[in-house]
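Once you've looked at the hints, dock chain B against the given chain A.
Chain by chain, the residues run as shown.
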Amino acid sequence: MADRLTEIEEVVPTRRRGLPPGVILAAGVLATIVLAATLSRWLAPFPADQMHIKERLTGPSLTYWAGTDEYGRDVFSRTLIGAQLSLLLGFVATAIALLLAVPLGLAAGYCRGWVDELTMRGLDVVMSFPSLLFVLLILSVLPVSPMLTAAAIGVVFVPHVARVARSVTLGLMSDDFIVAAHARGERLSYILFRELLPNLWPFIVVEGSLRFAFAILLGAVLSFLGFGVQPPAADWGLMLSNARDFVDDAPWMAIVPGIAMSLTVIAVSLLGEGLRQHLDPAAAQS
Amino acid sequence: MAALLELHHLAVTYANAAAPLRAVRDVSLALAPGRALGLVGESGSGKSTIAGAILDLLGPGSDIAGKIVFEGDDLRKLAAHQRRRLLGRRIGTVFQDPFTALNPSMTIGSHVAEPLVLHLSLSRRAALERACELLADMHILRPREVAAAYPHELSGGMRQRALIAAAIACEPSLLILDEPTTALDVTVEARILALLAELRHRKSASLLFISHNLGVVRAICDDIAVLYAGEIVEFGPAADLLLRPRHPYTKGLLASLPPLAPGGRHTRLPSIGGQPPSAARYEPGCAFRARCPFAEPRCEETQVLRAFDGRRLRCWKAERVQDWPKVASVVPRVSVMAQNGEPLLRTVEIGRSFRTGSGLAALRFSRRLPFIRYAPNHLVAVDRLSLSIESGEVLGLVGESGSGKSTLGRLALRLLNRSTGKVEFDGTDLMELAGSPLRRFRGEAQIIFQNAGSSLNPRLSVGTTLERPVSLFENLGPQERRRRVLQLLEMVRLPSAFRERYPHQLSGGEKQRVAIARALATRPRFIVCDEPVSALDVSVQAAIVNLLADLRDEFGLAYLFISHDLAVVAQLSDRIAVMYRGNLCETGSTADVLMRAFHPYTRMLLASVPGIADKSRAATAGAPLNAPMHDHSRTGCVFQARCPHKIGSICETTRPLLRPLSPTHSIACHLDASPVQ
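For the protein sequence lines, the chains are A and B, in the order given. Note that this note's numbering numbers the first sequence so that position 98 is 98, with each residue one more than the last. Residues are numbered in this note's numbering as their position in the second sequence, beginning at 1, plus a constant of 1000.
Hints listed in this document are in silico derivations from the structure and should not be mistaken for laboratory results. Keep in mind that a hint or two might mislead.
What the hints assert, rightly or not - A short list of chain B residues far from chain A (calculated; beta carbon distances all over 12 Å):
hint: 1; residue: Q1082
hint: 2; residue: A1261
hint: 3; residue: R1265
hint: 4; residue: T1267
hint: 5; residue: L1305
hint: 6; residue: S1386
hint: 7; residue: R1442
hint: 8; residue: P1503
hint: 9; residue: S1662
Unchecked claim - Here are some chain A residues pointing at chain B (derived, C-beta under 7 Å):
hint: 10; residue: D175
hint: 11; residue: A183
hint: 12; residue: G185
hint: 13; residue: S189
hint: 14; residue: E195
hint: 15; residue: P198
hint: 16; residue: N199
As the list claims (entries may be wrong) - Derived Cβ-Cβ restraints for the label pairs, each shown as a range:
hint: 17; chain 1: A; residue 1: D124; chain 2: B; residue 2: L1433; range: 17 to 23 Å
hint: 18; chain 1: B; residue 1: E1301; chain 2: A; residue 2: L279; range: 45 to 51 Å
hint: 19; chain 1: B; residue 1: R1373; chain 2: A; residue 2: G113; range: 16 to 22 Å
hint: 20; chain 1: B; residue 1: E1300; chain 2: A; residue 2: L279; range: 39 to 45 Å
hint: 21; chain 1: B; residue 1: G1034; chain 2: A; residue 2: H182; range: 42 to 48 Å
hint: 22; chain 1: B; residue 1: L1433; chain 2: A; residue 2: L263; range: 56 to 62 Å
hint: 23; chain 1: A; residue 1: L43; chain 2: B; residue 2: P1020; range: 47 to 53 Å
hint: 24; chain 1: B; residue 1: T1100; chain 2: A; residue 2: A31; range: 45 to 51 Å
hint: 25; chain 1: A; residue 1: F224; chain 2: B; residue 2: L1369; range: 55 to 61 Å
hint: 26; chain 1: A; residue 1: L137; chain 2: B; residue 2: H1081; range: 57 to 63 Å
hint: 27; chain 1: B; residue 1: T1428; chain 2: A; residue 2: H182; range: 16 to 22 Å
hint: 28; chain 1: A; residue 1: L279; chain 2: B; residue 2: V1327; range: 42 to 48 Å
hint: 29; chain 1: A; residue 1: G28; chain 2: B; residue 2: R1483; range: 40 to 46 Å
For clarity, every value in this text was computed on a predicted model and none was experimentally measured. A virtual CB, placed ideally from N, CA and C, is assigned to each residue, including glycine.
If we strip away everything but chain A, and leave its shape as in the complex, we get (with noise of 0.2 Å):
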């Protein structure tokens, strides 16, 4: 017995073993950005909204890192301190959408029948307008302010993360270990948050990632069409829509927020992926 013990102990690899460089990378670059947004307010070497009249649309120097804008503000410091919108907008609008969408998506899967029948077909409903439609029929009722902005943004992407969760629970429901669990009866609550949502987990995680990329893009659309982040406040997506006027002439003030938002998505979409693998039992050995 006690050398067959010994070679198990040597064949189980232990389960909480390093994350992935990939994942650290990602996770080090997104928590950079976040830093840099909190302390933007210091770090920026101009605040947000100074103009320097007489250097409009100057390209990149040693006192403007990334060149300036048509009225002359800083476009370095306006991308650090417009990080803060944009990360929030991101990270409002993902939570808002899962915390509905999840727990409805579990609901429609376990119980079926007519609930799900309703669920579905009231976010088909919601799915048949184009997003963005959608959001801007929302915005037009509502002040405008960028939490609203977030929330709406949220709501609209219920249907699609529901969706997800809804067939992966469905997928679960006819596996065995629900039935042992209804057959020691398990309560409600246990079956939903304790049997069927960690295997939910992979999924939320990634489509988290997704949508906090489609937040931010979605975002950047809405304050491009006026309706998000109003000037002279600085957000990301605001930024590069008066960017496009003076694209030929002063293209560092499209370069400069494009690069920090493609690398905030790129990261979060590494760092789900990276958990999404990290929490699986199963691919965590191979």
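Using the frame of chain A, we list chain B on its own:
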């Protein structure tokens, strides 16, 4: 005579992140024209990989070494298009799962006609004509209708016949069959085997028949090669090899097969301990030595395949190997059976039907008010069925797929609501239970499933899985709870270190042990075992059957043991109930049902089990080849359309009631007790 197919030192290695997987290590074989060779082994032995290598289906990530010579050409040296031309033309294939092997958007006729158009350049019309002839050759009644049908309209057996027709359409010289009957019911399997045996003689094709089922191979093949861990361990003539196995592994495999005879409470099955070696870890020497009761130090030397006594054997001491050790008979504890005459579980006219095609599809229009009505179709899964199980008793429930066995099991646990009748546990109607009596029932009645993989939550460790039912039913501190988990692991003969493991780190047999431990955790008196060993390999199956028998005797457990495998059921059951289309056909003691079977359906099931001892059995099983496999009659006996002993109109009009033949033996059949022989 030159061999049709030769494998020379075939080795297949799959690329893998941790270590390469050596699925096939060194396989040399020769198949002469007109012969049938059986390739037998448990899962992971490399048998399907060999078929994949011959057919060039392994894809990137696999590394093939050695030679595959077919009709004088080394297949691996042929160009891709030349090789493709052989497939379907000279080499026909039939795969395991007839449910996914047919394209759902193509008719059966075009499936069979396609190789004729592609390889023989027949016109579409001529090919379809030929396809109908081929289908008729497969003993398919009304081949034209079948040719025009889509796969979903046919049963599994019919689809497999269509696939065989497509495989032999171009009269190939080699037919590769990869577990062609594994997904089918035993009565269907018997008829497919009879068909294959007949085709072999008519078409003179060579067969490479891959299977894990020794009885099936016996029915078809001339020679058998036994694979273990990617190597051939024994090769020889089928009848001789199965009757007088020489290699320890073959001996163990045959010994672990449950015989089709009442097991009784004293007997246990011999089994092979341990597990096959991982394909990722290569160690020289005999691959089987870790599990071999005859192992000696010399087994660590490399073993070669050598000729001996008309066989080829990979064991240096094959001459001196004794019989596989018998299991000492056990003395069962005084069982708790039948103390007061009150059964533990009783179903009274229990029935359950399912709506099919509900929703909008169920709306029917009519001319009268209210012009529209909601009338979904109903499928009766269990039809007013009455049976009882005593405390400590094992009732075996057998029947083909779709007979309603699992539905009955779920009804007995109130995991499904009944449509009619009632289920009593300890004399109380289950539907009247609520609150704490219901909770107590949930602890006392448990379930084990067929698919051990899906019965464990992949995100919970074994320890967490086992701790949950303990904490749900017993008020224990963390220390005591831990001790109870260790105790449960010990009950199912797993080491305590398994607490830390996750389901994906366990083998199929180990997962099933954990699932059994979880069912035991609530200290049940009754367990529904829903095909608990059907997905396991023979050697593992024997160990699990033994474990269930031990637990039955140790804790006085009552089982409703559901299985399609009569031999396994016979091993464990005190009584057997035979079910067909939601109805009981026959119930009786295990000996009654096996030795004095009366109902034509029971006799058909028994005759269909492919035996090891004699070859003729499967070929002559049950009804003629072209008798209908399904019937949807609403009145009369449910089995009348398939019944070889139907007596007349009474079978069509009156449903036979269960009537006693003896105090322990009852049947539902209009036949007199005497005429069936």
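Consistency of the hints with the structure:
1. Q1082: holds, 37 Å
2. A1261: At about 31 Å from chain A, A1261 (chain B) clears the 12 Å cut-off, so the statement holds.
3. R1265: Since the minimum Cβ distance to chain A is about 27 Å, R1265 (chain B) lies beyond 12 Å and the statement holds.
4. T1267: holds, 27 Å
5. L1305: Holds, since 29 Å exceeds 12 Å.
6. S1386: Holds, because the least Cβ-Cβ distance between S1386 (chain B) and chain A comes to about 23 Å, which exceeds 12 Å.
7. R1442: violated, 3 Å
8. P1503: violated, 8 Å
9. S1662: S1662 (chain B) is indeed farther than 12 Å from all Cβ atoms of chain A, at 36 Å.
10. D175: Constraint on D175 (chain A) satisfied, holds at 4 Å.
11. A183: holds, 5 Å
12. G185: holds, 3 Å
13. S189: Cβ of S189 (chain A) sits 13 Å from chain B, so the hint is violated.
14. E195: holds, 6 Å
15. P198: holds, 4 Å
16. N199: holds, 6 Å
17. A:D124 x B:L1433: 17 to 23 Å: violated, 40 Å
18. B:E1301 x A:L279: 45 to 51 Å: Holds, since E1301 (chain B) and L279 (chain A) (Cβ atoms, about 46 Å apart) stay within the stated range.
19. B:R1373 x A:G113: 16 to 22 Å: holds, 20 Å
20. B:E1300 x A:L279: 39 to 45 Å: Roughly 42 Å apart at Cβ, these two residues keep to the hinted range, so it holds.
21. B:G1034 x A:H182: 42 to 48 Å: Violated, since G1034 (chain B) and H182 (chain A) (Cβ atoms, about 55 Å apart) do not stay within the stated range.
22. B:L1433 x A:L263: 56 to 62 Å: Distance hint for L1433 (chain B), L263 (chain A) holds at roughly 60 Å.
23. A:L43 x B:P1020: 47 to 53 Å: holds, 51 Å
24. B:T1100 x A:A31: 45 to 51 Å: Check passed, 47 Å falls within 45 to 51 Å.
25. A:F224 x B:L1369: 55 to 61 Å: holds, 59 Å
26. A:L137 x B:H1081: 57 to 63 Å: At 58 Å between Cβs, range holds.
27. B:T1428 x A:H182: 16 to 22 Å: Holds - the Cβ-Cβ distance for T1428 (chain B) and H182 (chain A), about 19 Å, lies within 16 to 22 Å.
28. A:L279 x B:V1327: 42 to 48 Å: holds, 44 Å
29. A:G28 x B:R1483: 40 to 46 Å: 44 Å Cβ-Cβ, so the 40 to 46 Å window holds.
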